Amino acid sequence: MKTRKRSACKTALAVAIAGGLFAGTAHAQLAGHNVILVHGFQQEDLANPPANLNEVKSAGEDYWRTFWLSRSDARVDWGSDGRVEGNIAQQAYQQLRDISQQGLCNDFCIVVSHSTGDLVTRYLLENQARWLQADGLQPLKILAAIDYSGAGGGTELADLALNIAYNDSWYNWPLKQAVRAFTGITPEPGSLGVVNDLQTNTARNLAVSPNNIPRLRFVAGGSSYGGITKPFIAGTDDGVVPTHSACGATTSNGIDSCSSNLSLAGKVSSQNGPSDLYYNHFPILMNEGASHSGVLGSETGNISVPVVNDTTLNGLRVDFASRTYNKRAWWQWWGSGDRYVEVPGSDQTDMSTLVYNTLNN
Amino acid sequence: MPLRLLLALTFVVSGAVGLGYLLSADNTVRFSWITGESEGRSPPPSGTDTTRSKPGPVESPTTEKQEPSENAIGFMLASAAAQYSQNIRYPTYSIPISEDQARAYAGNRFDPVELPLDGGGQFTVTLEKYRFVQEEDILVAASITGSQVVGPSLGATLESPESRQAIASTTLKNEAGAPYYEGVIEADAEPGEYRLIVEATIDGKPVRHVSTLTIEPDLGEFDGLGDPRVTNNDLIIPVHFDAKDPGFYALSAQLYHNGRALAQLQTEKRLDGTTDTLELKAHGSVLAHREISGNLELRNLQIRRLPASPGDRTDYGYGPDDGYSFSPPDLDGLTDSPAGDPESEQRAALLQRLADKF
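Residue numbers (my numbering), protein chains in the order written: chain U, 46 to 406; chain V, 82 to 439.
A few of these clues could be false.
Stated by the list, open to error - The list that follows gives simulated cross-link-like pairs (lysine-lysine, BS3-like), each with its CA atoms no further than 27 Å apart: (1) V:K325 / V:K210; (2) V:K286 / U:K221; (3) V:K210 / V:K254; (4) V:K210 / V:K350; (5) U:K186 / V:K350; (6) V:K325 / V:K350; (7) V:K325 / V:K286; (8) V:K438 / U:K186; (9) V:K286 / V:K254; (10) U:K186 / V:K210; (11) V:K362 / V:K350; (12) U:K312 / U:K275.
Stated by the list, open to error - Far from chain V, by Cβ distances over 10 Å, these chain U residues were calculated: (13) Q74; (14) G181; (15) A189; (16) L399.
To be verified - Some chain V residues flagged as far from chain U (calculated, every beta-carbon gap over 10 Å): (17) D192; (18) E274; (19) T282; (20) N313; (21) H321; (22) N381; (23) D393; (24) P401; (25) E424.
I should point out that these hints are in silico values taken from the structure, not numbers from a laboratory.
Keep in mind that this is a model prediction, so the values were computed, not measured.
Ideal placement from N, C-alpha and C gives every residue a C-beta, glycine not left out.
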């Protein structure tokens, strides 16, 4: 989820430069494959629902401006005032048709999703082939999805937003502030749009059938909204999305890490990890300091951690000597300190740049 | 004099502590100016690996060993590519599952929804499932913990989110001694999404707990299984389903043997009145390496009428609670050979090529 300030001026500017950007990104590929962006929840849509698809697309363009926009070949934009099995599916499908007609995925494309874009992507992957074939079009061939802070498993903030919408004003002030920060509105019944789909039970009952598209998961654990949302999310979180969702865990039980032996900060230690993951979900990186929106390219200074569950590959042990180290906290006078694993130099960049540069190296 | 004594004592204690620290066997930075080791860093002990949590994959005798990259992201991508290559040995219509995955893919799961209360208490509502078929009973259980004073009963209402009209309501009662409140609402409403509102009076003030459930249309009747057979490298299990309306349907179920989940099976088919049979297939790769004796079971049958157009709703139906038990035919002809889905293999090759760069 990202917040944005929509103004006539900004929209006009965006529309004016869109053509130029598009022309400039005609060959913006990731590892030789076209990139399709699917954004997350945009709280501005709840306060001021977009009037038409053009406004939806304009907002979608703004969403990715920090990093990915100039590195993408197409987007699937949708209004957060709608529901996944409703307006969102309709808006998204119009764009899937265009992508199919342009043949952008004939040689496999890569989806980059953020937050609720994970859930939207999952729903579209389950239905796109049947819909497109019914219209005489080629289904999209997806190589993989790169999911930043994936909200496909829902967030407890959405459960609580629904409750705040139905409770009187006196109720639980800190919780109410957290929900306001998350939704950008004072929730009322009927005003929550896609937040309804983000309820943990609703999300985990929507299009969960296993498929053959690999989902590469990138997980953040920093603070958003000054940390006021964290107490209300199960386990660790990035201020919006719980780790159980971002990792692709099979239940909404609160967990602290995608790995049972590595913390979000990379500390080698016993962790409350997922009991299992959804099929073809592969946690790749965790980053304790990155915030929910910061993973999209705006934050540096946070160390990324490879989600290493075992250190063998094809039977060959991997020497992690060059990327593990020991560190004592200031209060630890004796002992070898705690052992950490990290992506060297990852604090010099953000998670999006890190992945893009690595894949395009 | 006392000041000097204090200083002397401080010096002696500090010296002893410092020396102890310097000479500590665990002090990895000691004498680094002699050994040349970089400060604060140490190589992993030989023969141990503290990042390992699970046994590594079984080494394939045909695997060509290449020195893996020092690039951590590259290593992770290579790991994902290797795991994906393993996964596509199984066709998507028949994938092996763990017990946890079996619970997740069984569908229709409702995890308790917790609402925090002032003072550290919690108001929790639990349902048996998330989706109910029309006219089915909805058993509602609620609990309230904390130091609050709660009334003797709770009210439960099923409400339409659009019209905000109450569809049904009941009282949740607290049987003597039970730590929860319980009651039943009948799902007598049009198919769609509904709000379940459980209202309590806590410390004299009303608190509403709101969660979401769905009411599903009656899609048709499950009429048992046909005769299972082995064709090519699949155990084919015909499932009879008499659909009320034509449409594109997806059927999923879980294959069990001796109480253990073996595979998630799924298929899609258009049902238009000319046939009432969908065929689930268990691929040889999930059966051939197992000792199968006695009956197999199909559990957690779920049928979905898929949305014909974007914006349409997916409708859900469910098989009998006990599933179906059946005696399989001779399975000796099945082999543990890869599925060979061309698109998945192409995808795996591309991912591997990506990983090979590192």
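Hints and how they fare:
For the given pair, K325 (chain V) sits about 23 Å from K210 (chain V) by alpha-carbon distance, which is consistent with the 27 Å threshold. Restraint check: the Cα-Cα separation between K286 (chain V) and K221 (chain U) comes to about 17 Å, which is no more than 27 Å; the hinted pair holds. In summary, the hint linking K210 (chain V) to K254 (chain V) is supported, as the alpha carbons are separated by about 20 Å, within the 27 Å threshold. Distance check on the hinted pair: K210 (chain V) and K350 (chain V) sit about 26 Å apart at the alpha-carbon level, within 27 Å; holds.
Under the criterion of a C-alpha separation no larger than 27 Å, the hint pairing K186 (chain U) with K350 (chain V) is consistent with the structure, at around 21 Å. Our distance criterion of 27 Å between C-alpha atoms is met by K325 (chain V) and K350 (chain V), whose separation comes to about 15 Å. Distance restraint check for K325 (chain V) and K286 (chain V): the Cα-Cα separation of roughly 47 Å exceeds the 27 Å cut-off, and the hinted pair is therefore not satisfied. With a C-alpha separation of about 22 Å, the suggested pair K438 (chain V) and K186 (chain U) falls inside the 27 Å cut-off, and the hint holds.
For the given pair, K286 (chain V) sits about 19 Å from K254 (chain V) by alpha-carbon distance, which is consistent with the 27 Å threshold. For the suggested pair K186 (chain U) and K210 (chain V), the alpha carbons sit about 34 Å apart, so the restraint of at most 27 Å is broken. Note on K362 (chain V) and K350 (chain V): the hinted pairing holds, with a Cα-Cα distance of about 13 Å set against a maximum of 27 Å. Straight-line distance between C-alpha atoms of K312 (chain U) and K275 (chain U) comes to about 21 Å, which keeps the hinted pair within the 27 Å bound.
For Q74 (chain U), the requirement that its beta carbon stay farther than 10 Å from each beta carbon of chain V is met, with the minimum near 12 Å. Against chain V, the non-interface label of G181 (chain U) holds: every CB pair exceeds 10 Å, the least being about 14 Å. Not every C-beta of chain V lies more than 10 Å from that of A189 (chain U), the closest at about 7 Å, which undercuts listing it as non-interface. With a closest Cβ-Cβ approach of about 7 Å to chain V, L399 (chain U) is found to fall inside the 10 Å limit, against its non-interface label.
Distance check for D192 (chain V) against chain U: the nearest CB is about 5 Å away, which does not clear 10 Å, and the non-interface claim fails. With a minimum CB-CB distance of about 8 Å to chain U, E274 (chain V) fails to clear the 10 Å threshold, and the non-interface call is violated. For T282 (chain V), the condition that its CB be more than 10 Å from all CB atoms of chain U holds, with the nearest at approximately 12 Å. The non-interface label for N313 (chain V) is consistent with chain U: the shortest C-beta to C-beta separation is roughly 19 Å, beyond 10 Å.
Here H321 (chain V) stays apart from chain U, with its beta-carbon at least about 21 Å from theirs, past the 10 Å limit. For N381 (chain V), the condition that its CB be more than 10 Å from all CB atoms of chain U holds, with the nearest at approximately 12 Å. Here D393 (chain V) does not stay apart from chain U, with its beta-carbon only about 7 Å from theirs, under the 10 Å limit. A cut-off of 10 Å between C-beta atoms confirms that P401 (chain V) is not in contact with chain U; the least separation is 20 Å.
At roughly 7 Å, the least C-beta separation between E424 (chain V) and chain U is not larger than 10 Å, which violates its mark as non-interface.
When the structure is compared with the earlier hints, violations turn up for hints 7, 10, 15, 16, 17, 18, 23 and 25 and for no others.
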